[in-house]
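Student: One letter stands for each residue in the lines below.
4 protein chains.
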Amino acid sequence: MADDPEWAAPSLELLEEYYRKLCNWGRWGPEDERGTANLITPEKVREAAALVRRGVGFSLQLPMDASGPQRGGLGRVNPIHQMMATGTDHVAGKQDFPNGLGYADDSLFLVLQGGTQWDALSHIFRDGQMYNGYGADLVDSSGARRNGVENIPTLVTRGVLLDLPRVVGRDHLRPGEAIDADLLDAACAHQRVTVADGDALLIRTGDMARRRTLVGWDGYAGGDAPGLSLLAMPWLHRHGVSAVATDTWGVEVRPNEISGTFQPLHLIMIVSMGLLVGEIWQLDELAEDCAADGVYEFMLVAPPLVIPGAVGAPSNPQAIK
Amino acid sequence: MADDPEWAAPSLELLEEYYRKLCNWGRWGPEDERGTANLITPEKVREAAALVRRGVGFSLQLPMDASGPQRGGLGRVNPIHQMMATGTDHVAGKQDFPNGLGYADDSLFLVLQGGTQWDALSHIFRDGQMYNGYGADLVDSSGARRNGVENIPTLVTRGVLLDLPRVVGRDHLRPGEAIDADLLDAACAHQRVTVADGDALLIRTGDMARRRTLVGWDGYAGGDAPGLSLLAMPWLHRHGVSAVATDTWGVEVRPNEISGTFQPLHLIMIVSMGLLVGEIWQLDELAEDCAADGVYEFMLVAPPLVIPGAVGAPSNPQAIK
Amino acid sequence: MADDPEWAAPSLELLEEYYRKLCNWGRWGPEDERGTANLITPEKVREAAALVRRGVGFSLQLPMDASGPQRGGLGRVNPIHQMMATGTDHVAGKQDFPNGLGYADDSLFLVLQGGTQWDALSHIFRDGQMYNGYGADLVDSSGARRNGVENIPTLVTRGVLLDLPRVVGRDHLRPGEAIDADLLDAACAHQRVTVADGDALLIRTGDMARRRTLVGWDGYAGGDAPGLSLLAMPWLHRHGVSAVATDTWGVEVRPNEISGTFQPLHLIMIVSMGLLVGEIWQLDELAEDCAADGVYEFMLVAPPLVIPGAVGAPSNPQAIK
Amino acid sequence: MADDPEWAAPSLELLEEYYRKLCNWGRWGPEDERGTANLITPEKVREAAALVRRGVGFSLQLPMDASGPQRGGLGRVNPIHQMMATGTDHVAGKQDFPNGLGYADDSLFLVLQGGTQWDALSHIFRDGQMYNGYGADLVDSSGARRNGVENIPTLVTRGVLLDLPRVVGRDHLRPGEAIDADLLDAACAHQRVTVADGDALLIRTGDMARRRTLVGWDGYAGGDAPGLSLLAMPWLHRHGVSAVATDTWGVEVRPNEISGTFQPLHLIMIVSMGLLVGEIWQLDELAEDCAADGVYEFMLVAPPLVIPGAVGAPSNPQAIK
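Residue numbers (the working numbering), protein chains in the order written: chain Z, 1 to 321; chain G, 1 to 321; chain P, 1 to 321; chain Y, 1 to 321.
Derived by calculation from the structure, the hints in this document are not laboratory data. Treat the hints with caution; some may be incorrect.
Claimed, not checked - Using 25 Å as the maximum straight-line C-alpha spacing, the simulated SDA-like pairs for lysine to any residue come out as follows: (1) G/Lys44 to G/Arg34; (2) P/Lys44 to Y/Arg54; (3) Z/Lys44 to Z/Cys188; (4) G/Lys44 to Z/Asp293; (5) Z/Lys44 to G/Gly294; (6) G/Lys44 to Z/Glu47; (7) G/Lys44 to Z/Ala292; (8) Y/Lys44 to P/Lys21; (9) Z/Lys44 to G/Leu214; (10) G/Lys44 to Z/Ala196; (11) G/Lys21 to Z/Leu101; (12) G/Lys44 to Z/Asp224; (13) Z/Lys44 to Z/Arg170; (14) G/Lys44 to Z/Pro42; (15) Y/Lys44 to P/Asp293; (16) G/Lys44 to Z/Glu288; (17) Z/Lys21 to Z/Ala196; (18) P/Lys21 to Y/Arg54; (19) G/Lys44 to Z/Asp289; (20) Z/Lys21 to G/Phe97; (21) Z/Lys21 to Z/Val168.
Since this is a predicted model, take the numbers as computed values, not measurements.
Make the full structure from the sequences, and use the hints.
Tutor: Below, the structure written as structure tokens:
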């Protein structure tokens, strides 16, 4: 396999080669709808739990509200939170309950992939098919009849954070900076951590922190960003990761490496590999803690909301150390 | 304290007595917005993780879709899942991406307390105040400025399931059947489990299973149901539970025990105690497993979505054994 | 043409015959997206205005709120009205404006065909095509690129009400009662009114009044109802009506006349004729007035909301006499 | 009354004077919820109809979609149009109907005052009250129990367009340019049109055209704009207009004339006068036509959608000449 960064360079040919060679269709049976989540074994769950040493948890979810990163691209807008009953109604005597009781209630409209979220395996198609060979036409206006996010009702595994800005000695990777296998290996070595079958790989690029603290959200959704290189794909496959998540909008480096493509690694990761892909994760607080105690592995509990037929779903991922 | 079921009977006087005596206002400082979540210590998190023995996880979330239990009461409707891009668009050649790529995207409108969810401490008021003495007017149309659900970004603790139908030898508790301290004690004894400081108590009444398999959802939201008795309130306080969740709409027994009241225990649990209350949890699969292996304790990881200013939020709670 | 009710009976063959013979594809050019709205001439608009004799207006819109007729069929729910700012917030001092000013604001989620509405010509397809031969694939998740409702930004014409319950001497037509050409002729004669090129024909069956006052909305959306017969199709074509609207969910008689079909007249009316079809109109108040003054013609101003790409849109139709 | 622009200048004192003197509370009875709509008599409706001479209609609605002017201020976002069923589903064989039938369906989420719309008399409060003295607390999270937009189910009257850019000989009025009584009089004289009791006054500033063709929507909602001066308030009252609408976001000149105020004329127009205020109207096409034929009066049919309890509602206003 052309997995040697000394020899390979991103190209359409290599994209096709990886698309074919890293393919997991049929690996877990012709009816499989869970993809690499199958790599998470009970043993792995126990191993994850054993990583809880201090008893501290971290939320990896970006707070979900109107201040979020969406700017309308692909029709995606920020969440709309609306009150249905309020304390001001209660105070004004507008609620008719006994014993002094009042209540508040609320609703939310959200684009399911607008914030911290998992792509379902029905999120991406290629030439009329999705992961495991199911027809793309199985995703119509009523939702996904195959590969919906409800196939992953639980998600508990060992998580590993690769905090790349700290590895390379900068505040953040640059937009357009590609993360290849060498950098992943260097990060593992620098952080003295290994990645093994069933692990979830969390990659911090620092791009979210840069946006939140320095330049604002404009350009975050769909704009230039650091991210995975095509040359990292075999690495993900070889290490048997069950999931990969980043603090960026789309995991892949942008501008995309190969001229004329659009998010081409999604074809390999989601369609071919059936890999769980997490986007817009908030990894900064966890990274601070890992830098402080030098421990970059943890129990990750990150189930998506169970929304039947959804092609993506929000999560409040918990890293527990 | 009138915590002896031989002597006490539910009454307005007892409601007021418990409201005063079980109060946690100020217990964790004048600025506290987390209530009984403060009872969850790092030691408790480690204890929870140590309960992961087999490496199996259970989702306690009711799937979130149009088939849910809401019937319009309090303006609450079932979630509305809508596609923004589909595989049929891709198949019809309506998406203009290179390399054969296509995608699907979707949105969700949900009433935040319409399905499996946590009440925030800003959900209930009494006489113009909410938990810890904050003014109810701090919850206006822009959301909760105090006691919002975002104060609980992580939630990891030991969970204990009390599977009451199996304790009493019936398929389900009856609507109107009140769960008092005696029944809780009997369940603990029957299941050989104890409940201690910081634990989350999950109470299965069988009502959800009855609705889903026998009678349908009509009457689930706001109708008659088994649930907690006023006489169980001191028990919850004495055992130091950080959270209580049930498979019913409102945790409390309905019709409410005291004539002329409406969800009066919410006043004690949420306003006075600052207790995390979970509703519409799906406990049946977990209960089957607990009955099979005889183990009713587990690691519970059940963070709400982080929605700033929300007075409640959905969760996909994970019980890990 | 088989337009003689003495000879014809509803059948698949007649459906196909009418589908072919009543076809308006190409009649107003190959690029037309307005269908029978083309029949409304400036002269017709002036004629309509001349019908304003008393100076009274009637709203034909069913109030749009949670009490509406939708029960979830086809995913259609009633409108959801939510406040974004309230007077109770203002009273509680939560709005920070000078000079004592406060404000309220609100939002609405609505299924566009859930209440009083016009079907756009992109609402119905047959065998991959819609009105005027446009491909059905032009209506994808981004909306209708052809035949969208925005092609009818104005709608002013002469309206004629046929108040069938009063014609037949009953409170309402019965569910399943078909309205054929004979009945339409009888109504015109009874009411001493004629229908001519460009007119909008409003047909009151009494079904909405029956639902609202007697039996409730269950079964209104998609259930049995009085409505147009296949045998009335040539009548509509021959009289050159620009639009037809009823007080029912779907204009056609239900159960549909021809076994094994579903809303077959929509194929003729919308796909073949390009006829504007209005549904769920509230005609009772207008009917009362017409019965009182004996005048069943009026100026109708009933534009849909201009929503680009929408396949239907609400309207507050005004009948002005 | 201080209605002489030679003498008066905008000030807080004058604001208060006009607020008192122009007040219509009680004018149409203590239970009135229609305000200046009461000025529209049957005679006025007949007069309006008589203005239909050529038989042409104009939509004054800005198309309602994601390209609209909202930028998130006051929580207002552009409409969200979503498909519920599509032609691509039909083409892909995903709809199970007989006879080749397929369908499309859609939904809309809209902020009711986000586009072309009428303010309801419950939109604005002062010191705890709204028009006609009703308590602001009557507008809570369940909507407006008084002065809701449903009180104006029909709206037919004579409309007069004042096309100010053409009057002053420029493409558009400038942001911050105030429209006083002198300018209104000059426009009437220039256009040879009078304004009388019950008329709707449509004022074109050219600001929308400037935004749409030159500078984009940024700054339209809530930013600087030409608009009415405090000095025009007595003019509106004296001429007995039933409604005033502009092509701007908020009718009033912005920055507001009096330092430290926010939309102060809303207090006079809506709270005190009970005047119907229309915003974000699209007047350009109508203005072109009026310039061409020299006729600035027309029949206006502009009912809001009937949404019970709403504090504003969209309309597709029709000007018919």
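Student: All the hints need checking, so say for each whether the structure fits it.
Tutor: Hint check:
1. G/Lys44 to G/Arg34: holds, 16 Å
2. P/Lys44 to Y/Arg54: Cα-Cα ~10 Å, so holds.
3. Z/Lys44 to Z/Cys188: Holds, at about 19 Å.
4. G/Lys44 to Z/Asp293: holds, 20 Å
5. Z/Lys44 to G/Gly294: Status holds; Cα separation ~23 Å.
6. G/Lys44 to Z/Glu47: holds, 19 Å
7. G/Lys44 to Z/Ala292: holds, 22 Å
8. Y/Lys44 to P/Lys21: With Cα atoms ~46 Å apart, Y/Lys44 and P/Lys21 exceed 25 Å; violated.
9. Z/Lys44 to G/Leu214: Given pair Z/Lys44, G/Leu214 is violated - Cα atoms ~38 Å apart, limit 25 Å.
10. G/Lys44 to Z/Ala196: violated, 29 Å
11. G/Lys21 to Z/Leu101: holds, 18 Å
12. G/Lys44 to Z/Asp224: At roughly 43 Å apart (the allowed maximum being 25 Å), Z/Asp224 and G/Lys44 break the hint.
13. Z/Lys44 to Z/Arg170: violated, 33 Å
14. G/Lys44 to Z/Pro42: holds, 23 Å
15. Y/Lys44 to P/Asp293: Given that 25 Å is the threshold and the Cα spacing comes to 20 Å, the pair holds.
16. G/Lys44 to Z/Glu288: The given pair, whose Cα atoms are some 23 Å apart, holds under the 25 Å limit.
17. Z/Lys21 to Z/Ala196: Given that 25 Å is the threshold and the Cα spacing comes to 20 Å, the pair holds.
18. P/Lys21 to Y/Arg54: Judged against 25 Å, a Cα distance of about 34 Å means the pair is violated.
19. G/Lys44 to Z/Asp289: holds, 20 Å
20. Z/Lys21 to G/Phe97: holds, 23 Å
21. Z/Lys21 to Z/Val168: Cα-Cα ~31 Å, so violated.
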